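Undergrad: Add chain B to chain A, keeping to what the hints say.
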Amino acid sequence: MNFIKFLDTLSDREALSAKGSRRDSLQQLKDIGKNAAMASIPFAMAATSNSTKAATNSMASAAFMADNNDVLKFALSLEYLEREFYQIGMDTNGLIPEEDRTVFQTILNHESSHVSFFVTALGLSDGDLKPTFDFTGAPGGLNLDTFQNYETFMALAQGFEDTGVRAFKGQAGALANDNTLLTYALQVHSVEARHASQVRRMRGEKGLITKNENTLPAAFSAIYAGEENTSQGGVELSGAFGSLGGDNALTEAFDEPLTMDEVLAIAGTFIVS
Amino acid sequence: MNVKTVDNNRRRFLKVSGLALAGTGLLMACSNDDDFVPADPDPNPNPDPDPNVFDLGSGNLGILNYAYALEQLEAAFYAKVREGQYYAGTSGTERQLLDDVYYHEAIHREFFKTAISSVVSADQVLPELSFDFSSVDFNSRDVVLATSVALEDTGVSAYNGAGQLIDVSNDAGKAYLGLAGKIVSVEARHASAFRDLVNPGSMDFAGDDILVNLGGTGNSYDKAILPADILAAVGNLGFITTAFTANNLPTS
Chain A
4 MNFIKFLDTL SDREALSAKG SRRDSLQQLK DIGKNAAMAS IPFAMAATSN
54 STKAATNSMA SAAFMADNND VLKFALSLEY LEREFYQIGM DTNGLIPEED
104 RTVFQTILNH ESSHVSFFVT ALGLSDGDLK PTFDFTGAPG GLNLDTFQNY
154 ETFMALAQGF EDTGVRAFKG QAGALANDNT LLTYALQVHS VEARHASQVR
204 RMRGEKGLIT KNENTLPAAF SAIYAGEENT SQGGVELSGA FGSLGGDNAL
254 TEAFDEPLTM DEVLAIAGTF IVS
Chain B
1400 MNVKTVDNNR RRFLKVSGLA LAGTGLLMAC SNDDDFVPAD PDPNPNPDPD
1450 PNVFDLGSGN LGILNYAYAL EQLEAAFYAK VREGQYYAGT SGTERQLLDD
1500 VYYHEAIHRE FFKTAISSVV SADQVLPELS FDFSSVDFNS RDVVLATSVA
1550 LEDTGVSAYN GAGQLIDVSN DAGKAYLGLA GKIVSVEARH ASAFRDLVNP
1600 GSMDFAGDDI LVNLGGTGNS YDKAILPADI LAAVGNLGFI TTAFTANNLP
1650 TS
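Residue numbers (our numbering), protein chains in the order written: chain A, 4 to 276; chain B, 1400 to 1651.
Same shape as in the complex, but just chain A (with noise of 0.2 Å):
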């Protein structure tokens, strides 16, 4: 089975509209992907042995362009982060209020299975290439009270939040050689900005990135730069819209995405090794 395969056997039917030909892959594989992902049993370890497992593996790689599974990687980890973040402060006992306890385990809930969605399109065990977190920022030289501080922690939440959103959308060209996963990744990305638009909102802020604008500790400047962009398609749009809420509106209508690198930057404040 080639790795394009097993990404149709995740598919949901209900989940997806689906052409033709992914229906019929899908009514095929549907027991297998059902079976492996419902069991929570990541797909390379439903084989029978380590000889299988590392032909599978082979096979994907040469199915798939290494940029798509490097791309797989990066979202895993961005994912541990944010799922390992609401862990730790959904566990900490008297860090998040009652009335905010639901949101937060909703995300919690929702980054725990991003982060089950990618170990299995990677063929990995949940914990495989798992970042060390430190969410003091002691690797970038910060020294944060995030669970403590209740404050703190809503605004590395709005962080790594609006950071997912600009993360997955600065890879999309990167997965547009594959439709299935461009999809998917699309679907989890409009997930990241409902998140980031909630927590924005229970911190008093507009739920839109308004230019640059960073309400969080001063070292995450980071996190927004860019989103200040008048220019889209091409055009210069700064001053186009003075009937329509101005240039903090046209920033707000449009988010930006970063790259690849810019993410690492700013997440690598957060990660020992």
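Just so you know, these hints were derived from the structure itself, not from any lab. These figures come from a predicted structure and were not determined experimentally. Among the clues, some could well be false.
Computed footprint of chain B on chain A; a stretch qualifies when at least three of its residues, placed anywhere within it, have a C-beta under 8 Å from a C-beta of chain B [as the list claims (entries may be wrong)]:
| hint | region |
| --- | --- |
| 1 | 99-113 |
| 2 | 125-138 |
| 3 | 182-195 |
| 4 | 204-217 |
| 5 | 231-240 |
Beta carbons: idealized from backbone N, C-alpha and C, even for Gly.
TA: Positioned in the frame of chain A, the structure of chain B alone reads:
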């Protein structure tokens, strides 16, 4: 009126899929007839059965016109919201959200109009559509917010579904995909905010009622819906009164 009609409409859409799909009058007339069964689908449908009805076009042009249609709908809706009694009674962040979302959707609309007009002749640009929002009680907060949620959720799933249809074999196509990505997350931010206004502090900002499951990992993914299903659902809302067809959009 039930604005959460996307799922119910899929079945209806399938029944009429043998017809030339219209976002508007033709489709609505058919979709109200549950007993309607189309004749055997014509394997070679006339791509332009009525030269007086605008067709969105093919390839990336078709996708851009499709997005332009959705943005026209959203912008027109929020313009009406701002004329209603519900809006008049709002203040603070709720008022700000309604203003901002109108601005964003109107900016998206104007952007698409400009972008499409810059690459094709005027007769290939979707005309300004007409709308009928008489079924919406703009004095009712519940109605306005529920309709807003439906429109924003539809926008999210529409852009997510359209991404794969964009031909990225040239730089313009790559730029269009990038723009779809820049806009879809804004629609998702809107959807989240409206959903939280309806049910504050709940899980609804990214709720199980709208998210779907991929690979058994949980309801943690937005939908990705193809234009045919989106247009069927939008058609059933009954808001767009200008007929147009979508006979030549890419489907894969």
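Undergrad: It remains to establish, for every hint, whether it holds in the given structure.
TA: Hints versus structure:
1. 99-113: n = 9 at 8 Å, threshold three: holds.
2. 125-138: The restraint on the region 125-138 of chain A is violated, since only 0 of its residues have a Cβ under 8 Å from chain B and three are required.
3. 182-195: Since 12 is at least three, the answer is holds.
4. 204-217: Result for this restraint: holds, n = 4.
5. 231-240: With 5 residues closer than 8 Å to chain B, the region 231-240 of chain A meets the three-residue bar; holds.
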